[in-house]
Every structure is written in structure tokens, then in C-alpha cells.
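Undergrad: As they're listed, the protein sequences go chains S and V.
Using the numbering used here, the letters of the first sequence correspond one by one to residues 16 to 739.
Using the numbering used here, the letters of the second sequence correspond one by one to residues 16 to 739.
For the record, the hints were derived by calculation from the structure and aren't laboratory data.
None of these values were measured; they are calculated from a predicted model.
Hints may contain errors.
Heads up, the list lumps identical chains together, so a pair's fine if it works in one copy or across two of them.
Subject to a maximum C-alpha distance of 27 Å in a straight line, what follows is the list of computed DSSO-like cross-link-like pairs (lysine-lysine) [what the hints assert, rightly or not]:
#	residue 1	residue 2
1	Lys428	Lys60
2	Lys677	Lys652
3	Lys667	Lys652
4	Lys397	Lys59
5	Lys428	Lys59
6	Lys541	Lys581
7	Lys495	Lys335
8	Lys94	Lys79
9	Lys677	Lys574
10	Lys73	Lys428
11	Lys179	Lys60
12	Lys373	Lys440
13	Lys59	Lys86
14	Lys373	Lys428
2 protein chains.
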Amino acid sequence: MQYPFKCGRIRRLTSYYPVTKGVNMSLEKFFSPQSVAIVGASQKKGKVGYEILTSMVKGGYEGKIFPVNHKTSEIEGLKCYLDLKAIGEVPDLVLIIVPARFVADIMQQCVRVGVKSVVIITAGFKEVGSEGLRMEQQVVQIAKQGGIRFVGPNCLGVMDTASKLNASFGGDLPVQGGIGYLSQSGALLAAILDMANANGIGFSSLVSIGNKADVDELDMIVAMGEDPKTRVIAGYLESITDGELFVRKAEQISNEKPILLIKSGGTTAGAKAASSHTGSLAGGDTAYECVFERAGIIRCNSIEQQFSFAQAFANQPLPKGNNVAVITNAGGPGIMAADAIERAGLGFAKLTDETVEKLTSQLPPAANVLNPIDVLGDALAKPYEFALEVALDDPNVDIALVLLTPQAMTECKETAEAIVRISKKKTEKPILVCFMGANKVASALKVLREGKIPQYNSAESAVSTIRVMTDYLRWKNRPKRVVRLFPVNRRKVENVIDRHLRQGLREVGEADAKEVLEAYGFMTPKGSIATNAEQAVNIAQQIGYPVVMKIWSPDIVHKSDVGGVKVGLNNAREVMDAFDLMMYRIPMKVPDAYILGVLVQQMCKSGLEVILGMNRDPRFGPMMMFGMGGTMVEVLKDVSFYLAPLTADEAKQMLINTRTYKMLQGVRGQEGVDIDAIAEGLQRLSQLVTEFPQIKEMDINPFVVGREGVVPIAVDARMSVEKD
Amino acid sequence: MQYPFKCGRIRRLTSYYPVTKGVNMSLEKFFSPQSVAIVGASQKKGKVGYEILTSMVKGGYEGKIFPVNHKTSEIEGLKCYLDLKAIGEVPDLVLIIVPARFVADIMQQCVRVGVKSVVIITAGFKEVGSEGLRMEQQVVQIAKQGGIRFVGPNCLGVMDTASKLNASFGGDLPVQGGIGYLSQSGALLAAILDMANANGIGFSSLVSIGNKADVDELDMIVAMGEDPKTRVIAGYLESITDGELFVRKAEQISNEKPILLIKSGGTTAGAKAASSHTGSLAGGDTAYECVFERAGIIRCNSIEQQFSFAQAFANQPLPKGNNVAVITNAGGPGIMAADAIERAGLGFAKLTDETVEKLTSQLPPAANVLNPIDVLGDALAKPYEFALEVALDDPNVDIALVLLTPQAMTECKETAEAIVRISKKKTEKPILVCFMGANKVASALKVLREGKIPQYNSAESAVSTIRVMTDYLRWKNRPKRVVRLFPVNRRKVENVIDRHLRQGLREVGEADAKEVLEAYGFMTPKGSIATNAEQAVNIAQQIGYPVVMKIWSPDIVHKSDVGGVKVGLNNAREVMDAFDLMMYRIPMKVPDAYILGVLVQQMCKSGLEVILGMNRDPRFGPMMMFGMGGTMVEVLKDVSFYLAPLTADEAKQMLINTRTYKMLQGVRGQEGVDIDAIAEGLQRLSQLVTEFPQIKEMDINPFVVGREGVVPIAVDARMSVEKD
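One chain only, chain S, in its complex shape:
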């Protein structure tokens, strides 16, 4: 059963999206307009209004261009119009380059004329302060009412190679290719473009999304997802507008094509005072890590890395597995590639006997016919071609990595041509190439580029690209996400939460938190509150020794810090002593605390302590946490996070993702614990926090688990709520 996303926040967001989409669902006109009006076109060199106009012309755009400028009648041979109305037809796309204070007026004109798609290049809005923000909001208002979608303001513009549209001042239109790029930094986009043009990297489209006042990163990712010319979506982001929607849509799109994102500003976490363990362990970047993992997004740390990856995804098929065959004409680079493959956790293909025989029959006797296949330093193009073809025919080989060092006899260009030939013949398996050197391999690199063979400067970067390809493959082949729904008592939880919210209480006490957990199927230890020492002994005798005693007060959150927890009490004397000591000492330490009594509770004698938790991210919703308990979490911070709602697989994967997972399986003599029971606990907690968005943070600590079949116990719990 697919999880129905019943709860408030998600429902609100799903219903929000179609409102805008309904007006003008497709962003197609931004990429293949039949006509473009340039409002603010200029005849002065150096002015953006001139640069964009000439970019359009130079790029070879074949639609109609309507420069709009009331001060002149002609620019660069093109007739100039007084205003949009004077054009006499409705342009598919309008670029606005006039000063910020005039932009609202032009947008009004657009509405009147019936324009549907606009790019606002002009800067000086939100990014310069409150007056700019006001103007930006005004523009948004006009556009929304007029049913217009717009990119920007404060952006470089839009490029689309198929329609030869260069509606930007970012640089020359690049060659056609499979990469769609969106950037929240215009300057970065210009640098990327310069780099890409120098290296012949092809794009489907490039978009500078600027201030994202209307069209945002997700709109663009969706549009590129729908565009058949885009094989891989890449981008640079500093923020994500609508977190939960982003996760869902990006996950859908990742199933079709890879998304490679740089998300900057991750490490400097906003210092948020968190009262829970989970909250304090989640770094500022944890949410993004979770989101990217869930949505299958490949996170990149630099532009270099991003284009290393993008090249391969855009031009090569996905591998079927992770076994790499290396073909080289020098031993050293072959060993370096083998090292990198082992470090990356990839497989080193074991060639079949048949392959080894074939290679032996044709390669010189000194050649290494095992993997890495060393065709020797004097190899011409032929042995390379032969070895590559034979390797790709081997069923044990999923990916081929060809290394070449330019030696005296090496036919660099011919070898490149041979590789391109083979790649056209064997289209099922990816081929990556590293031709070392520069001048000697320059013409070969050109051949490879034109033949759509991704080329790397080092075996290492080729191997890390292969690793990312296999990671993506694994993600794509993941089992269908089925979130289990447990039968629960929602009414009981509603009551607890409502009561706290009515009373303006944020922190939910242990007893109430446990009532909530019981309503969701958790087992909690037996116990009751004692208000005097005799009562404590009676309760202990009913439960059976040993018992735990905990001070009971809504004002004391960290009980053990004030001496409010005693464990392992074995008889009546110890229980009485503990009670009286707490009553004597704690009021001295926390004089203002209102003390209700002491909880006398069953002690879980054996079992391993773990933590289950949740921290609600303001953008992305509930993040589940699993962690090893006790000193492990203190010392190693051995925890893992994942976005709720969790499937059974995801819950189990959270356990596996901790460094001390083996502790759960049992080590040397120690029995393992019931792993499925922990995973179920995580799923139940995930259901709880998904169904109640008012729950902001939650810890079950410790969650004591025993061997298989033993029901785990939520020994202590903490929870905080807020109005949704």
C-alpha cells in the first residue's frame, strides 16, 4: 500500500502546485519560442540590451526578433518598436532589460498584450533590500493575475541550443548536447559556459534562474525532465523554494534521468537550539543529504566533478553492473586505475577463459591478458580496438575504461577513432577514456568528444564517475517504495497534542509521550507514580525487582542531571532510600520545580540500547534518526538519518548505515538483536510524525531491544509539539 500522504503539510503543498501550473503548465515557450521581443534593446555596445540582441542574432535564432525601444527605430538592421503593442502580434517570449523601476509597467503591458512567458534580466530587486523586494512582489502580483510565468529577475537569461535561442548575456551559444543546466548564480553560469565552449561540451538548454520570483528551480527541473533533448539535468543551487514538493517531484524525474546538483552553503549550519538528541545531532546539511538520497539526486562538490559526471550520463549508456575492465598501454596508470577501482568499492572484472584465450591469440606474448589488459607501450590502434571489443563482449565486464599514454609508437588519434567505432557497435556498455598528456593527445581528444566518448584527465576521476553511475543504477533499481500503515489509535494522540497546544506547552512529559507511543503500538515499561516511600515500595513489589526510579516533574527535562534517576534498585530498603534522597536533594537543586512524585518502573535487565528519533526540518519535513545508544552515540555520533515516511527497506537501511551495525548482528559471543523489530519501531514512529505535523521533535531513548522475537521497550521518550 502506497502511503497516502494524509497529513496537513503535504496536502497543502500538493494542492498549491497545480494552481500556478494550471495557468501555464508548460515552460516550453521559454525554450522554443517562435518570436522574441526584447524590451530595453539598445544600440550601445557594452549595454546589456545590446549584448542580448546581438547574442540572439549571432546565435542564429531563426524566429522573429522584435527589439522594443521608444528612442530609436532600428538596431543592427532590425526594426525597432515603440512598445509591445506596436509589434502587432503577441511574441511567444518577452525579455525585459529596462531599469528595475520600469519593470512593473512593462509587465502590465505584457498582460494587456496577452504575453504568457517573460524573462526579467534586470537586477535591483530583492537582492538589494526592502525597496527592491517591494518592487519584486509587485511584479509577481501583476504576472500572477495576468497568467504570466516569468524567469528572474536578476538573471543572465535563457539558452536553448535546438532552437538556437541565446536570450542571454552569458556568452556564446554552446553546441547541442544532452545536458540541461540551471544556475542560481549567473556569474557561475557564465564561467561554465566559457569552460564548456572551450571544451566542446554540449547542452540542451541553460537557464539562469536569478531571484526565482516566479519560475523556480523545481519548475526548471520539471521542464528539463519533460524535455526529450535533455538526458541529464545539472544545476547549481543555493536554496530550495518548496522542500517537500521538491523531494516528490525530483524523485519522479530521477527515475527517468539523472539530476546532478551542487548545493552550496551547506556546512555552516544555522545554530538552532534543539532540546532533543535527534535535533542536536542533525547538522545543517543533514536534511539536504536525506533529500538528495531519497530523490536519487547526485550531489557534486565542484563544477569540475559535476561535468565529469554529466559527460558520462549524457553520452554513455548506464552500466548493468559494477565490474570494470581496464585497457592500457602502460603498467603504471593501469595500477593506479586498479587502486582507484578498489578504493571506490567497484568490481574489478574477472575476464572469462574465452576472453583470455582470444586476447592471448592476438596480442603480443608480453602483453597482460588479465585485467588490466596491457596492450604494451608500442601498441598501435589495432590492438587497442581488438582488446576493447573483446573486453566488451565478455559477460563479466560491465564497463570499459581505456587508458592511454602517448609513447613513441602510439597512434593517439587512430586509437580514439577505433574507440568511437567500437562504441557505436557496442552500445550496451559504457566506455570511459583517459588519454594522459595534452598536446600529443589533443587531436585524439577532439575525436573522442565528437564521438561522444567521455574523457578524463586521470584514472581517478574516470573511476569516481563510474562509481556515481553504478550508485545511480542501484538507486534506479531500488524496490518500489511501499510504506506500511499500522493500525493505530490516532484519537488518543490527538487528545494529548491538543491538550498541550491549548495549554501553550511545547515539551510533552514522559508519561504523555509514552501514552502517544503506546497508541502507535510501542511497548513501554510497567510502572506508576509514587508520592511517598511506602507507595514506591508497593509499586516495586507489584512490578518485581529490580526497578528504576525517576523524579516526576513537568519542570525537569534532564532528570539525571539533578540526581533524579536511580537504576538497579533491588529491594525495599534501596527503593525507600532512593525516594527519600530525591525528595530531600532535588528541591534544593531546582527550588522552583513542581514535583509530582517519583516514577517507579520495571527495569529492562538485558538488551541493547538504541535511539529512535525525529527532527522536523522546516523545509523538508520529518527526518527520522536511528542511533546506537549509550556511549556510542556520545563518542562516535553513530547515527543515520532518513526522510519520513519510511519503508521497511529504508528503515533497515538506516540501521545498516551506522558504523556499528555489526553490534546489532552480534559480535564474538554476544547474541544479535531483533533487527526487524527496530526497523518496525522506526516505521511506527515515522507514521506517527507523518500523521501529526504538530510533533516537532521526538526521541525514544533508550529503545531497549532484545534477541529475535522479544518485543523492544521504549524506556524513555521525549517529544515537543507546536501549532502546525
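Assemble chain V onto chain S, guided by the hints.
TA: Leaving out everything else, chain V in the frame of chain S:
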């Protein structure tokens, strides 16, 4: 007191080295010969003998060139000689390019004529099998007797830019610079040369060391260490000839100039059956990691990375600290740099109020005058120059990183010139640069290159270079290594080892191992061997309960695996039961074991269990290990290694290097343990294994440590010995 390296192996190696050195200590003639003879010079294009001759001429070598070839009288206008003797003078350097079978003869000729320095280019020796190895050994023999040092065979040759010597067929002579490069792979060297020449990277010298039959990697590193033109030594190695000597010499040289090495073939560890914990935890690469750490060598994973680092070391001063100031003309790249700096654990410079004021006074109001300093997208060269100079004047700034994206107004080339100007004025602090893009920044990159400003393709690679520079700085400033010598009873250890070696025993039993440890100042638990149950009870009563009992047999190494260990025995009944059960069960499990009795031993009730260990690497000698005990070592493999002999600092650092170091300091309520006592244990063990090279492996497991002032106890120990 400096450790005197008294023990056998090290002494042997120190005395070996000067023998060769005495003959011809300096390798100077390889780099600045006044005359070079080329034996095997050819007039046929494409032949190596022709390529090298023309390389020499084309490179502009100003000394005398003597081609030697008995078949011709002139090559390319140079007079050709019948043989070496016919030259009539002794050439400083002889290159041998004749077929392998003639090489020994030529070497004989060299001896007769009085040549001292030879490069054997010819391949077909050790690398092709046993016949080649025989020929190689013959050549070595002749050279040694004749007092000749030679590079090769099977190499590309030698290049030296100052003397314009290109005695190689690797490619064109590169420009002069501060990088000395040695490579065990000729093909890789050729590729590096091609790449370097295309990017204008300067070298002092490049050497292809080939089969290293005489001159090896260490000789070359020493020679480059002595060469004032070499500012940084870089290389690619597949093996190290003489491990312990390498460590000592490389450490000396690293004090003067950085050594950047790629060591390949590290990950595929030779599967060595190890009987100790320490041995099984030391991976194939652990020894190299230890060696590189001790010797201050910077390990690189790829050529790209190596040249990223080398560029900075060769051309910029070392920073004084790790605080980076970033100057940028775009927000996005600035944030990416800030992220990278935080991830790399570097400091983000906090500018002084004075700096902020100065920047405010001159930069436009919208500019960001905090770090990263954003001079804004329309900044010309001037504001860049101003901001860089002000930043470098700030005492809180140790390193400047300048980022540039080519935008409409950007003066790329002028900005580069400004940076070079500032760098010449402020020579104290390193400047690293990342100009993004390609064609638009090409002329700027040329200016930077000529101005010796290292340039990176991404902020990430600049930042990882800065990280490596600060790591090297920290290594250079490390405290002087002083190895403490404890008063010990060496005689007692000699006796134990001699007895075992005489009897042909490899494994030393627990009792003897403990005797050895006691001789080196370790405390071991009280206890004796019982041969019947009553005796066991008597011993237990003398020691005091609780006790531990362990089966006592030279044939049983893993006692607990056969039920041969019982802990926490509290009374006579339990001791008797344990004794009888062992006597009944163990002979059934290991029928052939010779059982001497059962050890009844004091039980260390409290304290933390750790492991001290040693594994002797065949190349580099004793590697010390420290690890957390119990499940930590099973699950996390939380261990650290370091080369013996250890200083107090190094021993302590080994503890700090474990992931669970905090456990030793004490966490939440648990008291910390005596960290100095553990460090002393490591130092004592280090002294033991340094003084007795016959000890091959050793474990003290567990080593039980208590709070400060409590003497730790070596509860169990294992040791194996071999004839040295």
C-alpha cells in the same frame, strides 16, 4: 635523548649505504655534465638512438655531444666515434642505447675509459624474465667494481632544465622551474611531460628511474634534496628498495623541502597469514601510510592532484597558519569556497576592524567587506588589487584565495597582472587563484603562470592544496623527536628469545611473553599454574576472588575458542567446576594438544580494555598499534598505527588518532583513564621490539587501564619470534 638505533637491522643498513656513496657520492654529473656520449646514436628517424640525439640538440644543450656508432662517421652534423675510447676524453655522462646483450660490454668500456656516470635506456632486462635479470646483475657487477653509478636500465632518461640537458626520449625539455620529478613508470613520465609542456609547468629535473638496478628512488630523492634549484620533489613509485633507510633520509629531506609521492599498488594487500590481532588489522597499505606520515611525505592519489600541490609548493611561500581570506567577484563561487574551507577543517579568516574599515572606505557600498570579500560582479582590476593587498596586510589572514568569474565588465588579464604585482610586494603569504572559465581567462592564466601564481580549476582543488600546505607546515613545526629509553632487563628477554629460537618455536606462550613484558617494566596479573582442581582452589584463595582461569598449553593459541577461558569465578566451587570442565572438554576438542594445566589468575575488576601491539613490516620494520579493546576493535577496527621507535608525543597521538579517543578521556559519568600510562606502555613496547628485531609480532590484549595513577596491567600477551 635521541634514540641510538642500536639494533641489528638498522645498523646493517646504515653501514651499507656509505659503501656505494663512497664510490661516487654525488649524482651531480647526471644533471650538469659538461659532455655526453651517446652509445648507440643512430641516424635513422624513429630509432631511440636518433630521437635522443635530436632531443639533446633541440633542447639546446651547450656541452659537448659525442655520438658513438661504429657504422657511421657523422649524425646530424655531429662527428661520430667508433667507440668511447676514440673520443679521446672522458665524457661526464654516457647514455647507452645499444641492444641489451651488448650493454655489459659497453659498461666494461666505460670502466676502462674512466666514466663515472651512465644512463642505460635499453630495455629487455629484469622486466622480461630470468635471462634479463642475469644480464642486469652482470651489468650491476661491472659498474660496482668500476665505481660507476648508473640510472636504468629500461628507462626514458634524464632531463635537467638549468643545463638544458634532454638526455631522454620522453618529449621536449620543459621550462625551468622548481619541481624535481622522478618516475618508476616511463610512460607516465612522458604523459606528465606532455601535460606540463602544454601548461607551462616548470621543472628543475625529470628522471625516469626504470628498473632501479643501481640508482634508486632514494638516491634520486637525496640528489634532488641537495639540488638548490629543486623546491619540491615529486614522484611516482611502485616500490621502495630499502624501507628503513628510506624513512630516515626522506624525513631529513622533508624538513627542507616537501616530497609529494604517488605510491601505487597499495590497496591490493598481499594475503599474509597473521597470527596476531595486530598483524590481521594492518592492511597492505598501512606500512606506507605510517612511513609517509613519519617522513612528512605528502601522498597523492593522482597526477592531477600531485601537480595541484606541487605548483603551490614550488611557487608560493608556506603559510604561517591556516586562516584563509577569499576574494571574489561572485557570490556563488564564494559560498562554494567557504564550504570547501569548512569541510577541509581550515580557518575562515576573521578580518580585523581596521581591514573592514579600509575595505568599506574604497569598495562600493553593496560589496561584502567581511570574508569572503565580494568586490561585486562589475569589479575592474583595481578593486581586486586593493582588496587583495588589504587582506594580505591583515594579521588574521594567513592565505589569500582569489576567485574570478569572467563577467561583462571583468578585466581578467589586468586582474591577473594586479595579483602578480601584489604577490611580488607581499612575499610572506601564499596567494592561490581560481579563475573560472577557459577562453575568456586564457590570457589571464598565462600572466598568472609567468608570475608564479598557482591557478586552480575549482575552489575545491585550491582549498585542498591549502589544506596540504598547512598539514606540511604542522609537520615541519613538530616537536623534536626524542625517544625515551627506559631502564630494562634485556638479558631476561634474550634468554626467552634464544630458548625459543633454539627449540625452533615461533609462538611464545603467555607465561614467557609476560616474563618478557615484566622485564620491560610492565605489570602483569598475579597467578600460577594449577595441575588439579584442589591446587586451583588454593591458588585462587591466595590471590583472592574473583579469579580468571585459562587453559595452559603451548598448542592452544586461541584459548577462548575451545572454551579455555572462564572469567569472574567467585568461590571454590566455581573454580573446581571450571577446572574439571576444561579437563574433560578440551581434550575432546583438541585431542593432540599437550596440556600443562590451568592458569589461575587475579581478575582485573575494573578499568578499560585496550590493545597494544606490534607487527614487523618486512620493509619498514616494527609498526606499533594501539586499539580500543573489546567489541570496539571487533566492530569498528578502531586502531591506529605508527612506526617504532615511538616518542611520547607520537605514542599519545596514536591514542588521539582512534575514533573513540573520547572513551579514554571519560564520557558522561564514566571516569577517564590514565592516558599517559597507556602512552608509556606503547613506548616501552616500542623499545622492546626495536631492541629485539627477532620479535616479529606482539599483542598485549587486553591491556587494562584504570584512572590516573593506577598502573595498567598486561592481562594477556602473545608474541612470535624468528631468527633475525
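Undergrad: Quick one: which hint numbers does this structure break? Sort them smallest to largest.
TA: Violated: none.
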